[in-house]
Each structure stands twice: as structure tokens, then as C-alpha cells.
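Numbering (UniProt numbering), first residue to last: 1 to 515.
Rather than coming from a laboratory, the hints here were simulated on the basis of the structure.
No experiment lies behind these values; they were computed from the predicted model shown.
No residue lacks a Cβ here, since even glycine has one placed at the ideal position from N, Cα and C.
It is possible that some hints are incorrect.
[Unchecked claim] Ranges between beta-carbon positions, derived for each pair:
#, residue 1, residue 2, range
1, E153, N397, 47 to 55 Å
2, N186, G151, 17 to 25 Å
3, G387, K492, 28 to 36 Å
4, L16, S222, 45 to 53 Å
5, E342, S239, 24 to 32 Å
6, E342, Q156, 40 to 48 Å
7, Q129, S239, 36 to 44 Å
8, D225, Q20, 40 to 48 Å
9, D23, P221, 43 to 51 Å
10, G357, A132, 48 to 56 Å
11, N186, Q129, 24 to 32 Å
12, K205, Q156, 21 to 29 Å
[To be verified] The list that follows gives simulated cross-link-like pairs (lysine-lysine, DSS-like), each with its CA atoms no further than 30 Å apart:
#, residue 1, residue 2
13, K294, K266
14, K492, K505
15, K171, K205
16, K481, K505
17, K171, K136
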Amino acid sequence: MSDPSGEIEALKQQVLKLQQDQDAIKEYLVKLELDKLSEQVNNALVPAPKPATTLAPTDADNLSEQLDRLEEQIRNGTFPIKIQFAAPKDTSAITPIPATTEIIAPPEPEPEPEPENEEPPVSVEEFWQQYAQERKRDFTGINLRGVNLSGKEIPQINLTGANLKGADLSKSNLKEAKLNQADLRNANLTSANLLAVNLDGANLKGANLQQARANEKTLFPSGFDPVAAGVYLLQPEASLVGADLAGFDFSGATLTGADLQQANLKSANLSNATLIQVNLSGANLTGASLSGSKLILANLSGANLSNTRLDSANLTQANLAGANLTSASLSSANLTQADLSEAKLINANLSSANFTGATLTGINWAGANLDSANLSFLDLSGFNSVGISLRYANFRNSNLSEAKLVNADLSEANLTGANLSGVNWTGSILNSANLSGANLSGANLCGISLQAANLSGANLSDADLRNANLSYANLENANLKGAKVQGANVNKANLKGIVMPDGTKREEEKPEQSE
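With these hints in hand, go ahead and build the complete structure from the sequences.
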């Protein structure tokens, strides 16, 4: 059951509010009445050119008296405005009365029309004649309204104050261009290159900038929010997850700490870019150029880097686990302490790459080129590859036990001190390779070529050397105890001090022509 006293109090408050509103209305009406009477008095006192329209003096006196009475009523609060309220019989039916008084703002002034560029319009053919053939670059104030320059290469052009209203500049390269004070209303700038572009004071009303690329050097008009407009800000710490940046030119850009997970960077140019600690996990970098880029501590796990160029890139401590590097080029790349576990390096070019301290477990190296690569001091046990090129590669003191190096070319490779026990070398070439002090116990070297190889002090016990070519090889002090040497070619080989398969030691300087 409702409280009658509370409802009565609410009614009082509503009545009080209405009384205040009525007082305001009363004052307004009084002012109107005063203004009207004042105007009539003034008209009565001013002589008119025609006597027929002039008020008699008594009329003016009467009006003046009415004005005096009205002012007296206002002072005394007795202005005759009556307000009556009919109270409802049932107070429980009382509901709050919404306020009806509102301040009506004056109408907004009509906006002044935007000034149009008064220069005569220039056709795209005429513009291109001046730009491409005459090599003109300063087009200040030009009228290119509605022109189609989609996909055009026009970097560093000066379009200050130009009329580009409705122009199509999609996918155009405007890098370092001047577009300050330009009219770009309703222009199409989707996927345009706006790196270091000056847009200060430009009119971008209605312009489409979806997926346009800008950086910290790009100047936008005051109050313009590029992110809200769909612009990709290519700058440190940028969030570009899943962004479509295919074919874009990032060369030399700084994107330290940027998040590019799942981004599409197919055929993009990222050469010499600073990509330290960037997240490119799962990104599509097929055919992209990252040559000379700094990818220190970058996350490229699961990324598609097939046919990508990473020549001379710095990938120190980068995460490339599970990455697809099929046919990628990483010549002279720095992969120190990088994680390449389970990566695909099929037919990849890794010549002269530095793998010091890298994790290389479970990699598919089929057909890869590792000529002159630094693979020293690594655990490569179980290394499995067919047809790999390792010419001049450095395996010094690395562990290659139980590795499969079928049809591999290790000519002149450095394998000094390496653990090569149980390695399958079927069909491989080790001509002039340095295997001094290497552990080849139990290795399958059947039919392989070790011509002129240095095997001094090597452990070849129980190795299978049947039909191997050891001509001109240096086997001084090598251990061949238990080795199978039937059909091996030791022509001109140095067998001084070797331990023979039967365990005896041979002292001859110059052994027989064949063994």
C-alpha cells in the first residue's frame, strides 16, 4: 500500500515546479506586452507624414497610463495571470509529471560551402605527361578532381593545396609526398602508401583510407584518427594482427615489437627493415624479401617463408620452429641460437649461414644448400637428409652420430673433431674434406669418395669402407681396426702409422698401391 503523505509531498514538488515554470512564462509575456506598448507609445509620439494616421494626444496619454499601470503591477506581483490546478480525487493515481519546459536553441547556421579549387581541371593523360615525361614534381594547387591514379608510383610529389576531390589513389605509392591543404574529400586512398606523407590541413571528409599504410612520419590533419579510419600504422609496437599487407614496401621500416600474427605479407618488401622482437607467427611471407633485415628475437614460428629471401638477415635467437622455409634463400644469414626445430628447409639456400648454438632437431633438409655454412659445436645427432650440399661447411666438433647423409656433397668440408659414429654416408662425396681426429667408428662409408681427404688420427674402427675411394687420402695414425676395406682404393694414400683392420700397426711411409 502506498504512503499518502509521500505522494502529497511529491505533488507539492510538482506544483512548485509548475509554478516556477509559469513564473518564467509570465515574465516572458510581460516583456512582450511591455515591448508592444512601448512601440505604440513611440509611434504615437513621433510625428507621421500623413495626419490621417497620426494618433491623437489623448490616445498617447492613454497608452502611457496603461504602461505605468502595467509596470506597477509587475512591481507588486499582481500581473493578472491565473493558473488553476485540478487535484485528482484518488492520490494513488498520481504519477510524476514530466517537465515540459525546454530551452529551444537557435538553429545552427548553414555551413559555408567548401571553397573549390578554381584551377581548370587537368586530365590524367596531361598530368602523366608532365610527371613521367617532363619529370615535373611540383603540382601545387593543381585541379585533379576525380582523376584515376590507382596503383601509380608517384613518391615525393608535391600536391600542396591540390584539388583531389573524388580522385582514385588506391594502391598508389605516395611515399614522402606533400598533400598538405589538399582537398581529398571522397577520395579513394585504400591500400595507398602514405609513409612519411604530409597531410596536415588536408580535407579528408568522406575519404576512404581503409588499409592505407602510414608510419610515425606521416602527418595527418589535426583531430583526425587514422586508426579509426582503417589506416595501418607501421610503427614500433603497432598492432597489425591479420592485416593484409601483401606486396607492400616496408624497406627500411622500423617495426620493433609490432604484432603481425597471421598477417598477409606475401611478396612484401621488408629488406633492411628493423623487426626486432616482432611477432610474425603464422604469417604468410611467401615470396617476401627480408634481406638484410634485423629479426633478432623475432617470432616466426609456423610462418610460411617459402621462396622468401633472407640473405644476410640477422635472425639471432629468432623462433623459426615449424616454419616453412622451402626454397628460401638464407645465404650469409645469422642464425646464432635460433630455434629451427621441425622447420622445413627443403631446397633452401643456406650457404655461408651461421648456425652457432642453433637448435636444428627434426629439420627436413632435403636438397638444401649448406655450402660454407657454420655448423660447428652443434648437436646434429640423427641429422637426416638426402642430396644435401655441404661443400666447405664447418662441422668442427659437432655431433653427427647416427646421421643420414645419403648422396651428400661434403667436399672440402671441415669435420675435425666431429662425432660421426654410425653415420650413413651412402653415395656421399667427401673429397678433400678435413676429417682429422673425427670419430667415424661404425660409419657406413661403403662406395663413397674420400679422395684427398684428411683422415689423420681419425677413428674408423668397424667402419664400412668397402669400394670407397681413398686415393691420395691422408690416413696417418688412423684407426681402422675391424673396418671392412675390401675393394677400397688407397692409391697414393698416406697409411703411415695406421691401425690395420686386424689390429696391427703399419709403419710404412708409402703403402702399396691398393689395399
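Problem set entry | Numbers of unmet hints, in rising order | Failing hints: none at all.
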